[in-house]
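Participant: With these hints in hand, go ahead and build the complete structure from the sequences.
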Amino acid sequence: MHSTGFDASRGGCPCCFIVPPHMLQRLATSGDPALAETAGRTLRLTQSLVAFRAQLSTGAPSPAAAKREGRRRQVFDCQGTTDLPGDPVRSETDTNPNRDRTVNEAFDNAGTTWDFYNKIFGRESVDDHGKTLVSSVHYGEKYDNAFWNGQQMVYGDGDGVIFRRFTTALDVIAHELTHGVTQFTAQLAYQDQSGALNESMSDVFGSMVKQWALGQSVDQADWLIGAAIMAPGFKGRALRDMANPGTAYDDPRLGKDPQPGDMKDYVQTDADNGGVHTNSGIPSRAFVLAAKAIGGNSWEKAGKIWYVTLTERLTGTADFAKCAAESVSVARDLFPEDSSIAAKVAKAWADVGVLEEAASTALLANIAGAYVIAPRVREMAAAPPLRKTKKKKPVPPRAKAARGTPKKKAKSSRSKTR
Amino acid sequence: MKVIVERSGGFAGIIRRGEKDLSALSPEQQTALQKLLEKGVPPAATQMGADRFTYKVEVHDERGSRSFIVPEALMPASLAGIATGP
Numbered sequence: 001m002h003s004t005g006f007d008a009s010r011g012g013c014p015c016c017f018i019v020p021p022h023m024l025q026r027l028a029t030s031g032d033p034a035l036a037e038t039a040g041r042t043l044r045l046t047q048s049l050v051a052f053r054a055q056l057s058t059g060a061p062s063p064a065a066a067k068r069e070g071r072r073r074q075v076f077d078c079q080g081t082t083d084l085p086g087d088p089v090r091s092e093t094d095t096n097p098n099r100d101r102t103v104n105e106a107f108d109n110a111g112t113t114w115d116f117y118n119k120i121f122g123r124e125s126v127d128d129h130g131k132t133l134v135s136s137v138h139y140g141e142k143y144d145n146a147f148w149n150g151q152q153m154v155y156g157d158g159d160g161v162i163f164r165r166f167t168t169a170l171d172v173i174a175h176e177l178t179h180g181v182t183q184f185t186a187q188l189a190y191q192d193q194s195g196a197l198n199e200s201m202s203d204v205f206g207s208m209v210k211q212w213a214l215g216q217s218v219d220q221a222d223w224l225i226g227a228a229i230m231a232p233g234f235k236g237r238a239l240r241d242m243a244n245p246g247t248a249y250d251d252p253r254l255g256k257d258p259q260p261g262d263m264k265d266y267v268q269t270d271a272d273n274g275g276v277h278t279n280s281g282i283p284s285r286a287f288v289l290a291a292k293a294i295g296g297n298s299w300e301k302a303g304k305i306w307y308v309t310l311t312e313r314l315t316g317t318a319d320f321a322k323c324a325a326e327s328v329s330v331a332r333d334l335f336p337e338d339s340s341i342a343a344k345v346a347k348a349w350a351d352v353g354v355l356e357e358a359a360s361t362a363l364l365a366n367i368a369g370a371y372v373i374a375p376r377v378r379e380m381a382a383a384p385p386l387r388k389t390k391k392k393k394p395v396p397p398r399a400k401a402a403r404g405t406p407k408k409k410a411k412s413s414r415s416k417t418r
Numbered sequence: 001m002k003v004i005v006e007r008s009g010g011f012a013g014i015i016r017r018g019e020k021d022l023s024a025l026s027p028e029q030q031t032a033l034q035k036l037l038e039k040g041v042p043p044a045a046t047q048m049g050a051d052r053f054t055y056k057v058e059v060h061d062e063r064g065s066r067s068f069i070v071p072e073a074l075m076p077a078s079l080a081g082i083a084t085g086p
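Here the protein sequences line up with chains A and B, keeping their order. If you count by the numbering used here, then the first sequence holds residues 1 to 418, one letter each, in order. If you count by the numbering used here, then the second sequence holds residues 1 to 86, one letter each, in order.
Calculated directly from the structure, the hints in this document are not laboratory data. Heads up, none of these hints are tricks.
Mimicking DSSO-like on lysine-lysine, the simulated pairs with C-alpha atoms at most 30 Å apart in a straight line are:
1. A/LYS235 - B/LYS20
2. A/LYS119 - A/LYS292
3. A/LYS304 - A/LYS292
4. B/LYS20 - A/LYS142
5. A/LYS119 - A/LYS131
6. B/LYS20 - A/LYS256
7. A/LYS142 - A/LYS235
8. A/LYS256 - B/LYS2
9. B/LYS2 - A/LYS142
10. A/LYS264 - A/LYS235
11. A/LYS67 - A/LYS304
12. A/LYS304 - A/LYS264
13. A/LYS119 - A/LYS304
14. B/LYS39 - B/LYS20
15. B/LYS35 - B/LYS2
16. B/LYS2 - B/LYS39
17. A/LYS292 - A/LYS256
18. B/LYS35 - A/LYS142
FRET-style restraints, in silico, Cβ to Cβ:
19. A/GLN220 - B/GLY64: 52 to 58 Å
20. B/ALA24 - A/ASP159: 20 to 26 Å
21. B/GLY18 - A/ASP338: 50 to 56 Å
22. A/ASP159 - B/LYS39: 28 to 34 Å
23. A/LEU214 - B/GLY81: 34 to 40 Å
24. B/HIS60 - A/THR95: 56 to 62 Å
Rough simulated footprint, nothing fancy, chain A against chain B, three-plus residues with beta-carbon under 8 Å:
25. 6-14
26. 53-65
Even glycine gets a Cβ: it sits at the ideal position worked out from N, Cα and C.
Facilitator: Laid out in C-alpha cells, this is it:
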C-alpha cells in the first residue's frame, strides 16, 4: 500500500481544499485578471463549503443526525458561467417540467438514480441521510465535461462536435452521483489504483442504473459509458466499454480508447491522477465478467456484492487486490448457500489478472478460495509508483514546481499520450 | 521556445494536447504564463471532487524546460485554451 497524498480512511477529508483560503485571497487580489477571477471564484465556493466540510470530514453525517427520507432534488442554471451553483430553476415541489429540457434531464435522471439506490439498496440519497441532490446545468461555455465537486453535480453543454449536453445520459448522471456515494462511504482517494477504483465504481453503478431503468439483463446490457453524449463528430461507440476496454473509440482527433482490461496492461502515467479514467477498465471488466457469469440482472447479485464492498469494506487507500479480496468475501457472506457465486467473482478478478489460480501449496495464503493475488499485483503494491515514494524534505513551491520535469515513461505502449 | 499544454482527466478521460510558440502568445497568455513561472502552483493536496480536468503546462525556453501540474480550478482560461486548440 502506498501513499496517495492523503489518507481519507484516517480522517482526511475527501473534499480537500486545493489551496488554503488565505492564499486564494492573495491570488484573488494579485492583479492578474485570469488568476484573480479563478481564485475569487474558488474562494467563494470555498466559503460556501465551510459548513459542509465539517459534515464531510467523517464522510457522513453525524450518527445523531436524523435520517431524512424521500427524494430531494434541486436544479440550478449557471447560464454559461462557471459560478456555482447558479440560479435555482427547479426543485422537488415543482411538478411541472421546466421549459428547458436540460433542466428536466438533470432533474429526472437524478430522480431515477435516487430511486435505484433507494429501492435496490435501501439507501437514502448519496449520504444515506437524505441529502438533497443538487445539479447545476449550462456550466461554462461549450464545456466538455460533467463533474462532482465534492458537494454537487455540475454539467456542461458540450461543444456540439465531440460532445452533446451531458445531462442527456442517465449513465453519466448516475456516474456523478456515485462519486457522492463513494465520498460518503469508502472515500477512495482519487489517485492511482484507489482512484481507478473510484472511477470504476462510478461506471459500474452508472451502467447498472441504466440497465435497471431499461429492465435489461446482463446479456442485454451494452456496458457502454457515455454513448448518449457523443456528438456526430465523434468516431466511436462511447467513451468507455466496460465489457471490452480499449475498444470504445478510435478517433483521428482524440486518438484511441486507452483503457486496459487486464492487469498486464496497467498504464503508469502522471496524467489524470495516475490514469484513474484509464485503469478503471480493469476493475470494471472484472465486474462485467462476474455479473455475466452470475447471470440475470446485474443489480440483483453482482451489484449487491459491489455495493456492500464499496460502502462497508473498502477504505481510502484500497487497491485492486483489496477490492478483489473483499468482493469475494462479501459474495460469500451475502450468498452463503451458493458458493458458486463467490467462485465466479474470484474467477472474474483472475480473468483480469488481479487474482490468479493458486497451486495447492499456496492455499495457506489464500484469500479467495482457489485464488491468490497475482504476483504482478503484489509487486505493484509492495513497490509502487514512481511518485511520492520517498519522503522529501519540504521545498518552497517555486523550487518544487520548477523541478517538476516529466518523470518516467511507461512500459506499455498504451500509456503514450497523444 | 514554446509552451505545451496537456489537459487530462474529466469524465471522458481523454487527453488533449496543444502547443504554442512563446512569441505567438497573446498578452493575456504571456501574463498568465509569467505568473506561473514566477510563483509556481500553490502546494496542492488534491483536487476537490471527481472528474475535474488536470493540466500540465510545459515551458521550453532559453532557461531550459520546466513543467507544472495545475488543477482546473486554478488554471488561467487563456492558457487552458492552448490544450484544445483554436
